[in-house]
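Each chain, written out:
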Amino acid sequence: MNVFSDDTYIAKVLGGNPGAFEPIVRKYQDRIFSFVIRIVKSEEDAKDVTQEVFLKAYRKLDTFNGEAKFSSWLFQIAYNTAISQQRMQQKNYRIERDMGKINREERAANPMKIMLRDERKRAVNQAIDSLPENDAAIVSLFYKEDLSIQEIAGIMQMSESNIKVKLHRIRKKLAEQLKNILTL
Amino acid sequence: MKELRDSEIKKLITEAFEVSLGDDFTESVMQKIKSEQVYSPKPTYEWWWNGLAISLSFIVLLAYFILNPELLVHTIQRFERLVSFLNIGLSSGSLSVIGAILLLFGIDFVAKNHFYRLNSFFML
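Chains as they are written, first to last, in numbering that gives the first Met the number 0: chain G, 0 to 183; chain H, 0 to 123.
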């Protein structure tokens, strides 16, 4: 956990200490990767894009004026970078994902529980992967990152009403696709 | 089968979206960051910038009027014409003082907002 706020680390970086960017990378790398993979649909591409996001953020750090939250600004860079990558690649991989780093002891102690959890994750990932990139991005920002409609609209450069309509459709689709999962 | 509530969707998605890239990924990002340009600290505003800006402004004005004395006379005549046009009940001496104070505020404003440009110009 970072001892200082994002603003403190940003000020240190802008003051000539690039090493102060490391806590920011640690704090956001998993979240950015988790978001980006929904758009590019490839684990390797998602890692490359995530790295690119942090490089871009570092290069543009002096343009961050603090009007929005740093996380929103970072996610906006992530969204734009991922969408550009996706348009360039035009790929449609089925994402093969590590089902989580579960240690042997945990798997041995709760094999059924772990298996059911893996099955749930597989089903959810399959449902999300079937969504178009923008819808998958909204799912990630709304449900995983807990962002407001206003923040999501800012990141994705769409109107709030557009996001609300999409979210409504996504909810219905996911509710239908995932309704059997709760029994797992 | 009942429909999923939003909170249940959130729980499933949070569980499915769990990832951990690890320290190796952080290290590889920081390797690339460290090969990027290091930011230079920006100069911070100091009070003596005002004094320097004001002094320099007056020196420049004074030098200009010394080199062009007819311009000084011309400026004073224009100023007196403006005073009578505005029909303000103040003497030109009082107006000069007011004008000088306004000028000082103007220079102060410029100094506070653009001191870093002055800093680059004078390479301080």
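Mixed in with the good hints there might be a few duds.
Straight-line alpha carbon distances no greater than 25 Å define the calculated DSS-like cross-link-like pairs of lysine-lysine that follow [stated by the list, open to error]:
id, chain 1, residue 1, chain 2, residue 2
1, G, K172, H, K33
2, G, K163, H, K31
3, G, K172, H, K9
4, H, K33, G, K59
5, H, K31, G, K178
6, G, K163, H, K10
7, H, K33, G, K55
8, H, K9, G, K171
9, H, K33, G, K178
10, G, K26, H, K31
11, G, K112, G, K68
12, G, K11, H, K31
13, G, K26, G, K143
14, G, K26, H, K9
15, G, K143, H, K10
16, G, K68, G, K46
17, G, K143, H, K33
18, H, K9, G, K112
If you're looking for bench data, these hints aren't it; they were derived computationally from the structure. In this text, all values refer to a predicted model and were calculated from it rather than measured experimentally.
Restraint status (C-alpha distance of K9(H) to K171(G) at most 25 Å): The given pair, whose Cα atoms are some 13 Å apart, holds under the 25 Å limit.
Pair hint K26(G) and K9(H), alpha-carbon separation not exceeding 25 Å: 21 Å, holds
Restraint status (C-alpha distance of K31(H) to K178(G) at most 25 Å): 44 Å, violated
Straight-line alpha-carbon gap K33(H) to K55(G), limit 25 Å: Holds: K33(H) and K55(G) sit about 13 Å apart, inside 25 Å.
25 Å Cα cutoff - pair K68(G), K46(G): 24 Å, holds
Hinted pair K33(H) and K178(G), Cα distance within 25 Å: 48 Å, violated
Satisfaction of hint between K9(H) and K172(G), Cα-Cα up to 25 Å: OK: K172(G) and K9(H) at ~14 Å, within 25 Å.
Restraint check for K26(G) with K143(G), where alpha carbons must lie at most 25 Å apart: Satisfied, since the Cα-Cα distance of roughly 15 Å is no more than 25 Å.
Distance restraint between K143(G) and K33(H), which requires alpha-carbon spacing of 25 Å or less: This hinted pair is violated, its Cα atoms lying about 31 Å apart.
Pairwise hint evaluation, K112(G) against K9(H), where the allowed Cα distance is 25 Å at most: 20 Å, holds
Restraint status (C-alpha distance of K112(G) to K68(G) at most 25 Å): 38 Å, violated
Hinted pair K26(G) and K31(H), Cα distance within 25 Å: OK: K26(G) and K31(H) at ~17 Å, within 25 Å.
Violated hints, in rising order: 1, 2, 5, 9, 11 and 17; the structure is consistent with all others.
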